[in-house]
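Asker: Please build the complex by placing chains B and C on the supplied structure of chain A, with the hints as guidance.
Protein chains in written order, with my numbering: chain A, 50 to 462; chain B, 1124 to 1587; chain C, 34 to 114.
It is worth saying that the hints were derived from the structure and are not from the lab. Glycine is no exception: its CB is placed at the ideal position from the N, C-alpha and C atoms. A portion of the hints provided could be inaccurate.
[As the list claims (entries may be wrong)] Okay, the calculated beta carbon distance ranges per label pair:
id	chain 1	residue 1	chain 2	residue 2	range
1	A	Asn313	B	Glu1547	51 to 57 Å
2	A	Glu322	B	Ala1454	45 to 51 Å
3	A	Glu139	B	Pro1538	44 to 50 Å
4	B	Gly1159	A	Glu218	40 to 46 Å
5	A	Gly357	B	Gly1333	52 to 58 Å
Each chain, written out:
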Amino acid sequence: MTQGSMLRKITDYANRADPYPVYAELRKTPVLHDEEGPYIVSTYWEIHGLLHDPRLSSDARNLGPQAVENLADEEDPALPPAFLRLDPPEHDRLRRLAMTPFGPPHTPRRIHAMRGELSRIIGELVDEFADRDRIDLVDDFSYPFPVTVICRLLGVPREDEPRFHHWAETLAASLDPDPDEDAAERRRVTQQARSELGLYLAELIEERRRAPGDDMLSALAAGHGPEGQMTQAELLSTAALLLVAGHETTVNLITNGMLTLLRNPDVLKQLRERPHLAVPLVEELLRYEPPVQLLPQRTPLADIDIAGVTIPKGASVWLVLASGNRDPQRFMEPDRFDPRRKDNQHLGFGSGIHSCFGAPLARLEAQLALTELARRLDNPRLLADPPEYRRNAVLRGPRHLPVAFDGLRGRDA
Amino acid sequence: MSGNGSLEALRRSGRIVIVGASLAGLRAAEALREEGFTGSLTLIGDEPHEPYDRPPLSKQVLLGKADADRTALPRHRELDAEWRLGVAATGLDMTARRVRLADGTEVPYDRLMITTGVRARPWPHPLEAELDGVFVLRTRQDAVALNRRLTAVPRRVLVIGAGFTGSEIASACRELGLEVTVAERGPAPLVGALGGVVAQVAADLQRAHGVDLRCGVMVTGLEGDSAGRLRRAHLSDGTTLDVDVAVVSLGATRNTEWLAGSGLGAGPRGIACDAGCRAFDIRGIVTDDIFVAGDVARSPHPLFNYQFLSLEHWGNAVAQAETAAHNMINASADRRPHVWVPAFWSSQFGVSIKSVGVPSLGDEVLIAQGSLAEHRFTGVYGYQGRVIAAVTFDQTKWLEHYQGLIETAAPFPPPGTTVDRRAEGLRPVPADFPDPSLPTHGPTVTLSGYSPTDRRITFTPARA
Amino acid sequence: MRIVVDLNRCQGYAQCAFLAPDVFTMHGDEALLYNPYADDTQRENVARAVAACPVQAIMAEGLDVDGVDGLSARTVTTGVR
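Same shape as in the complex, but just chain A (with noise of 0.2 Å):
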């Protein structure tokens, strides 16, 4: 099997309702590589240990000449790199300013004490159900559910999500590495979004500086913290990159996870007896079905010999999460779900200095609405299996997931 037909499979939008059989074939050869292209590493410990070499930069300012066709974003400075594609220092400086007012040391709180706020949101979009017999799970759930927590804890309104909906889904898109698309033509619509989103995120912060609230974005508007502020082109990068990705990776994480319920009834029941088996069950599913399948921005800055392979300095590389979690010589049965399943070092969040940085609100969300839909839905059943994904291959998700229900359980049962 060429590269080239590996890559195709892997973007093919024929294999994205069940990718993992092409990651099987990936894992043959742990670093794959032909005359053009990247560099497909699909082994857990080779990921793993990519993951923690110095030597690989997320800046794609690196790239070889070669590999910066496949780029789709250019330089803008308006709205340069956020922290996700930039190297050491400036990456963990921006994260610790980013961090600040969401995490600890100086905010250990804010996540923890946003579980109320999380629950009643749940509870309200699964109220609206009431007197149907079938929803969208997507529509109706999984994507207005992040959307409304990262609004309230970025200090985005709310209402304003028609307008950066489409500038976010044009984001997104273009991490996705589809060789079939017109790199130019993606290159202008996502470049348009990017500044429109910038204009827009401008305007907000510059409200929020007039009149501050208890928000995200006037904490990092301020800058009150050790190491002082960010610039305003930097602000708007972390503010946008904290928006999109605040909600179009969780979107996929809850109905990856809804789905993966409804593929395994026993879980489902077991989750429906014992809530509290929501917290391993998230673990897994990160493992089973990230929402993050593969990281396509990284690049050498020296040769890194690995696996019998020299990946040249500025070449492209693809980490598959997705295939390292299902790799039999990390993982029993790594085609299992299986809830209860120890010693779990998933790749579902990445690992290292790029690890996820919104992971434990992911988590926190992902477990209150899955164990919320498990116990309130009356014998929920899919319409459609599979359903239609969306087109990325990056962030993998489906973009309906029709369920059935029979009713709905009351709210405190």
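Answerer: Just chains B and C, lined up with the frame of chain A:
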């Protein structure tokens, strides 16, 4: 008696005695049960407490964020063991296979595990050590006593010795708002463990947090008042300090005195054992019924030229206990070597310091990532052209990469560049250890495999 | 409940400090301080912290396989690489 038959009998109904009921002893006991040992298990400990965790004593406990009496170690499983706590072992009869206890009783064994660890080295002048206000910090009782005194807000605390424990105590005192002087006979804190280049950062950290750090001096005397309370300390530079608390942090002494005259190869440097954790007797012959683990053990490490390493490391205690327990009840062909790569951590002044390998073997250090001045960096130590150790200050997530370089005997300095490489990281500098170890040319050994059962040692003859 | 963290494994991801802030606190950006004894009201939070630890460094006594209920005597143990 056939070998297999006796091993089976041992596993089923043998008598295993573990002397030393702290981290290593507990984990060894658990590992024995985990591996299917169903015979009698006796744990002997001189402290009256069930096994507890010591690292919190110099950090959370001093800060009042944890209770000294509530640091007992969680259990992995039911042990079904007999506990003899609060009674020290006082002797060993290797021929009769008996351990003598302080209360006059004797405990017979078929296999013995020794995990007696270390104790704090006391202040060398006994009368001064008796003064009210002079402390060491090793046990739970030490921590309770020191904590009580710190809560009463002393005028000034003197920490004698700036190793890891002393530095952590100084850090906690500053966080409590107490005035602290640290007296260190070396040129900087942690210099023996990390070398002069990195130690300078530790010194900066102390001073930036308001510690009165005095290096290159010794405390020559502690002086009390008529009531026997500590009042003053005299330093070798002629100065005098008014202090009412002194914490002696001069390292540890191995608990091997109880083995004197037993015929076991035990002394002030610990108990020598082979890579399989079997103790040597004084003739240099390896025993097959006495095993050693944890701080009290000295064992040859293939990655470090088969030097006998004794490691006062939490992770070593756990790993070595598990290996010793496994080997104790398995046939020789199924035994495993203890090839744990030395690793430790310390947190002080809000910085997480972590290290892998043996930095003190290094002759050069490369600041591969970050910057000393920013107190966030990764230092890589080289020895004879290969990577021998690494240390991180608040850059923990990179450390396992460097552990891989140590395990595979990667060349030093590592070729190629990394993220966050600064001007200071362009070339190695002398690591500046106070007593550079004598270089020896030797063969190279590397490790492979991810789990304890598939770890392999590969031997490469000396380079031409 | 008794808790111990293998700080050799800990890489300062701080998930525990987010999810059980009364038991686990970050001291600076990467150094973890934790209370080795948590009372039973913290059981659910500690279970979340144990499950979320990306390097599985936290061991807490008395959590059952479902993470929280503590009904059975089985204990969640840390994975050994």
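Asker: Hint by hint, work out which the structure violates, then give me just those numbers in ascending order.
Answerer: 3, 4
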